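Engineer: Sequence lines, in order, name chains R and Z.
Residue 1 is where the first sequence starts when you use our numbering, and the numbers rise one by one after that.
Residue 1 is where the second sequence starts when you use our numbering, and the numbers rise one by one after that.
Don't read these hints as lab results, they were simulated from the structure.
Bear in mind that the values here come from a model prediction, so they are computed numbers and not experimental data.
C-beta: ideal position from N, C-alpha, C; glycine also.
Where hints are given, some of them may not hold.
[As the list claims (entries may be wrong)] Some but not every residue of chain R turned toward chain Z, in silico, with C-beta under 7 Å:
no.: 1; residue: L282
no.: 2; residue: A285
no.: 3; residue: G289
no.: 4; residue: L302
no.: 5; residue: R303
no.: 6; residue: A307
[To be verified] Derived pair list, reagent style SDA-like, types lysine to any residue, alpha-carbon separation capped at 25 Å:
no.: 7; chain 1: Z; residue 1: K68; chain 2: R; residue 2: P291
no.: 8; chain 1: Z; residue 1: K68; chain 2: R; residue 2: R273
no.: 9; chain 1: Z; residue 1: K68; chain 2: R; residue 2: P158
no.: 10; chain 1: Z; residue 1: K68; chain 2: R; residue 2: L46
no.: 11; chain 1: Z; residue 1: K68; chain 2: R; residue 2: E295
no.: 12; chain 1: Z; residue 1: K68; chain 2: R; residue 2: E199
no.: 13; chain 1: Z; residue 1: K223; chain 2: Z; residue 2: E253
no.: 14; chain 1: Z; residue 1: K223; chain 2: Z; residue 2: A249
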Amino acid sequence: MTAEVFPDAGLFQRGAAAFAASVPVEPADDGFFGPASVTWRVHADLSAPVAGLRSLLLQALHPLAMAGVDQHSHWRDDPAERFASTAAYVLTTTYGERAAARAAAERVRRVHERVRGTDTVTGQPYAAADPALLIWVHAGFVDSGLAAAALYGTALTPAEQDQYVAEMTAAAELAGVPPGSFAEGGAPASVAELDAYFEAVRPSLTTSTSTDDIATYLLGMPPGVEPELSEAWEILATAAVISLPGWARDMYGFGTARAAGTGPAPGSVPPGRDEVRQVLGLLDALYLGEPGVLEARQRLTLRMREAERELPR
Amino acid sequence: MNEPILRVSRGLTAMRLAARGGARYAANAPRLFAAAGAQRQQLRDDLALRTAQDVADTLGTMKGVLMKIGQLASYVDDGIAPPARRILGRLQDSVPPMSAELAASVIEAELGAAPERVFKEWDPLPIAAASIGQVHRAITADGLAVAVKVQYPGIAETIAADLGNVSLIRSLLKMAVPSQDVTSLIEELRERIGEELDYLREAENQRLFAAHFDGHPTARVPKIVDELSTARVMTSELAAGARFAEMLAWPQEEKDLAAETIYRFTFRSLYELNAFNGDPHPGNYLFEPGGQVTFLDFGLVKHFKAGELDPLIHMIETLVLRYDPEAFRRAMEEADFLEPGAPIPTEDVVAHMSLFYESIRHRGPRTMTSEYSSAVARRYVDFKNPLAAYAKIPRPYVIVQRINLGLFAILGQMNATADWRGLSEEIWPWVKAPPSTPMGEAERPWLAQLALRRDR
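Produce the entire structure from the sequences given, and follow the hints as far as they go.
Structural biologist: Following this line, the structure appears as structure tokens:
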């Protein structure tokens, strides 16, 4: 499978183009989060690639979410396209103007309307627009942002973590989660609610050949890569696995013979924070080389600094 | 196929090309600062690094090391793929200057008081980017105009930590400079970066060169102000002159004179000081008419031990001065450039190596061109040549080779014409020919003074 998975235009280029396009040059408004938000910082953090990998690994554990992706998306034909469009969505809803964020959300919701069917693993019917599934995907994403930043990025204070989870309910609502408190069926709005959510949802999670496929794909080193890079690649993949909650690692069987060939080898020494950051820094240097990335980053920095001056913390 | 990763590796390939392709990033470094216009100025100030944490975020996680690798493995101008220029160039552009407050805090920590108190006048806006630091203008209490190089706070620790990740650096270097022995290159990288982070070492080197060229008719090295220099702050006389790009627009005879000064400076340093200033990139020169060149930045100086140059001299003697191919081959073997008994005919060895000596093989004027410097660079990295399997560059000479390439590239860009052999014969200590040009004549009093100083 992996031999055919990468299409022609690179994830790097598409991700970079999406980032550059997501940051308006002359913004009409600050979007749904704004330069003073924790969200802006987390989504631009050096640890973001680990957060992305972790997020996908986590999200795949819900059989209905997995079935929707498996039966409706062409990720196997063109995973780079799938990832890049997900990245573009996240970046646009994060840094874009409100109109751009709404338009992106509207497109995704229209696609979701058609994504429904029956999961072959559990036999249950599913619909991508089901708020329960939207919350699952949302929670996996938010939790991953926090976990990756804590381990490998610029750590947030407990208050900032809560603020991030609360801010991100706006993203959940854009995606179609009904507004309202967590108790009323809305998205979790604090770290405590996020933890409670995972506690509650765990019995519905499962692994299957599809989740194994995804993990193999996400963590495996695709053929044709310069062998010098294999170590760096492994470090990144291992970091994503380490950052998963223990129960998720156990479900995948990472670190045991069951997941042989995927994830860290049993008994291997996990990479330290500095080592992971060095690999992330290398990736970031290459990313910065893509057209428009540096300028977009400077636009964000300028706005964030301006916001800081206006609202001294 | 395998696109995301391939893209990464293409990026690295690009970096490899950039690495060979010259430390353009270094030459471009002042760009961010020099850009005129109020808006640019504003942008610059707004993006400035304000804390040591900003420094770590921007130059840590390998980025500072990457820039250094690019700079060290550099020095050829031609054939750089546009994406390659982009990656290193962007990386450099991504480093904003320190805010006035952050720079002032370094001065205070190093010199014991705020810059306005240490100096009679202090310009809070940097005039140039130095690698890992920036340069401010100031006037000392004695009224001397000086350039004050201020290091980014915490950068030494950050880079040292990243250099500790030998396996990642090894991977990078294997891709960046496959021709070279990675282990010794890492060693060299550590050594050089360590030196460069310690401004006291640099000041010591600059003093050595300044003393040697004191009184030289055309080559100048700014003097260090000892009492205002520490490991993180280095103060030297402020030098004036045109930048490389400006000088390129001058009449050819002016460019030839400037090139002659650069050539004399480089090889007199090598043979008379046993030292090579390891950073021959265009940003390190300031030019004035009449061949006056001020040499800046002694952060990368290679010192040779007694006898270490002998093998190189022996190779010049056997190939250039008496043309004895077998003896040349033996000299290469003795110097570890060539494996003894390699199954390559001597005539092929000579044919391959001659290009490197082309400019000094014959007397008479010769014009350096970018085509020539590119050809030299290409041959240097030509792994398809059968000789490549048996040839290597022993560690002490790696930097010589690189500096040679850098020098050729610069002279090539200047399109400089001179009797390089004639100049070399003046300088070669085992020849010491009489002056071959007016500049050589003008060097006489300086040489006499040098001899006098040596005798004392």
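Engineer: Under the criterion of a CB-CB separation shorter than 7 Å, is L302/R in contact with chain Z as hinted?
Structural biologist: Given a least distance of 5 Å, the restraint on L302/R holds.
Engineer: For the pair supplied as a hint, K68/Z and L46/R, confirm whether the alpha-carbon distance does not exceed 25 Å.
Structural biologist: 21 Å, holds
Engineer: Are K68/Z and E199/R close enough, with their CA atoms no more than 25 Å apart?
Structural biologist: 48 Å, violated
Engineer: Below or equal to 25 Å on CA atoms is what counts here, so check K223/Z against A249/Z.
Structural biologist: Violated. K223/Z to A249/Z sits at ~29 Å, over the 25 Å cutoff.
Engineer: Is the interface hint for L282/R satisfied, with its Cβ closer than 7 Å to some Cβ of chain Z?
Structural biologist: Constraint on L282/R satisfied, holds at 5 Å.
Engineer: For the pair we were handed, K68/Z and R273/R, check the Cα-Cα distance against 25 Å.
Structural biologist: Status holds; Cα separation ~23 Å.
Engineer: Double-check A307/R for me: the hint is only fine if its C-beta lies closer than 7 Å to a C-beta in chain Z.
Structural biologist: Violated: closest Cβ of chain Z sits about 12 Å from A307/R, beyond 7 Å.
Engineer: Has the given pair, K68/Z with E295/R, been kept, meaning a C-alpha gap of at most 25 Å?
Structural biologist: Between K68/Z and E295/R the Cα gap is close to 23 Å, so the pair holds against 25 Å.
Engineer: For the restraint on A285/R, tell me whether the closest CB of chain Z is nearer than 7 Å.
Structural biologist: 5 Å, holds
Engineer: Have a go at the R303/R hint: is there a Cβ in chain Z nearer than 7 Å to its own Cβ?
Structural biologist: Violated, because the Cβ-Cβ distance from R303/R to chain Z comes to roughly 10 Å (cut-off 7 Å).
Engineer: Between the alpha carbons of K68/Z and P158/R, is the straight-line distance 25 Å or under?
Structural biologist: 38 Å, violated
Engineer: Is K223/Z within 25 Å of E253/Z, Cα to Cα?
Structural biologist: 29 Å, violated
Hint compliance for this structure: hints 5, 6, 9, 12, 13 and 14 are broken, all remaining hints hold.
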